[in-house]
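A.B. asks: What follows is each chain in one-letter form.
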Amino acid sequence: MCPSECTFIVHDAAKVDRLDETAAMVGDVNLFLNDVDDRTAAEIEVMIAEETARGKGMGREALLQLMRYGLENLHLTKYVAKIAYANAPSLKLFDSLGFKEVSRADVFQEVTLELHPIAEALWEGLPGRESTAYDGYFSSS
Amino acid sequence: MEKRKEKKSRIVVDSKTKKKNRVTLKHENQREHCPCTLISLSLSLSCAQLTAAFEQQIGKTVVLTPYKAIHVAKYHEWMTSPFLQEMTASEPLSIEEEYDMQTSWHVDADSRHQ
Numbered sequence: 002m003c004p005s006e007c008t009f010i011v012h013d014a015a016k017v018d019r020l021d022e023t024a025a026m027v028g029d030v031n032l033f034l035n036d037v038d039d040r041t042a043a044e045i046e047v048m049i050a051e052e053t054a055r056g057k058g059m060g061r062e063a064l065l066q067l068m069r070y071g072l073e074n075l076h077l078t079k080y081v082a083k084i085a086y087a088n089a090p091s092l093k094l095f096d097s098l099g100f101k102e103v104s105r106a107d108v109f110q111e112v113t114l115e116l117h118p119i120a121e122a123l124w125e126g127l128p129g130r131e132s133t134a135y136d137g138y139f140s141s142s
Numbered sequence: 030m031e032k033r034k035e036k037k038s039r040i041v042v043d044s045k046t047k048k049k050n051r052v053t054l055k056h057e058n059q060r061e062h063c064p065c066t067l068i069s070l071s072l073s074l075s076c077a078q079l080t081a082a083f084e085q086q087i088g089k090t091v092v093l094t095p096y097k098a099i100h101v102a103k104y105h106e107w108m109t110s111p112f113l114q115e116m117t118a119s120e121p122l123s124i125e126e127e128y129d130m131q132t133s134w135h136v137d138a139d140s141r142h143q
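These protein sequence lines map, in sequence, to chains A and B. Okay, so the first sequence: first residue is 2 according to the numbering used here, each after it adds one. Okay, so the second sequence: first residue is 30 according to the numbering used here, each after it adds one.
Please note that the accuracy of each hint is not assured.
[To be verified] Computed list of lysine to aspartate or glutamate pairs in DMTMM-like fashion (alpha-carbon distance at most 25 Å, straight line):
{"#": "1", "chain 1": "A", "residue 1": "Lys93", "chain 2": "B", "residue 2": "Glu115"}
{"#": "2", "chain 1": "B", "residue 1": "Lys89", "chain 2": "B", "residue 2": "Glu120"}
{"#": "3", "chain 1": "A", "residue 1": "Lys57", "chain 2": "A", "residue 2": "Asp13"}
{"#": "4", "chain 1": "B", "residue 1": "Lys103", "chain 2": "A", "residue 2": "Glu46"}
{"#": "5", "chain 1": "B", "residue 1": "Lys89", "chain 2": "A", "residue 2": "Asp39"}
Calculated from the structure, these hints are not laboratory results. These numbers come from a predicted model, not from an experiment.
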């Protein structure tokens, strides 16, 4: 078991059904604490799998929520993203968040981007942390 | 090109050579000391604690919740899409492998959800 990889499911807030935890699923967002030389660095990923949910800023908000969590709770100072050359929407999204290209791996057809330091201004306008103290958003939680 | 079986491979730094290697979860589990375990020990945090602290994030347009067994079937269906496989540089997992991936980071924290 490798406990330092964490996956969270992204749900469309407008479609959440408290009785059905899968009804509003649109994608996932991940954090990997995978650099033994830099324990304040984490790899971050996002996927909006549902076609109808794309292009609405959900991936952006999911990333920002997780990035804020990582900064405030895990004291991270650097985020790393690996994105397929073919994935233009993701490249655009991470670029808009301030991530900078640091390397390319042709063998994996992937570009590596980094955000360091992390500007807290990024999540201005997101709902505050107090909103996370919601007691049981879904019936089974 | 190297065949990657799992959804996400990861970079692991060899502690002796300092060389960075991209490995799959399968290979990583075969190592005597998983480097990720070392990181979580140094942080005094397990993923169980991570996800416990992050039970739910209520946003404007999205709600985030830990990945639980109830989500696996739909997640697995998504990852059968060739488009998503290309975009995420991944290969399809069997439903059993997907359950293994899900429980690998939730086995301690969330037995109530299994």
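A.B. asks: Against this structure, judge whether each hint is valid.
C.D. replies: Now for the hints, and whether the structure bears them out:
{"no.": "1", "hint": "A:Lys93 x B:Glu115", "verdict": "holds (17 Å)"}
{"no.": "2", "hint": "B:Lys89 x B:Glu120", "verdict": "violated (32 Å)"}
{"no.": "3", "hint": "A:Lys57 x A:Asp13", "verdict": "holds (10 Å)"}
{"no.": "4", "hint": "B:Lys103 x A:Glu46", "verdict": "holds (19 Å)"}
{"no.": "5", "hint": "B:Lys89 x A:Asp39", "verdict": "violated (32 Å)"}
The structure shown violates the earlier hints numbered 2, 5.
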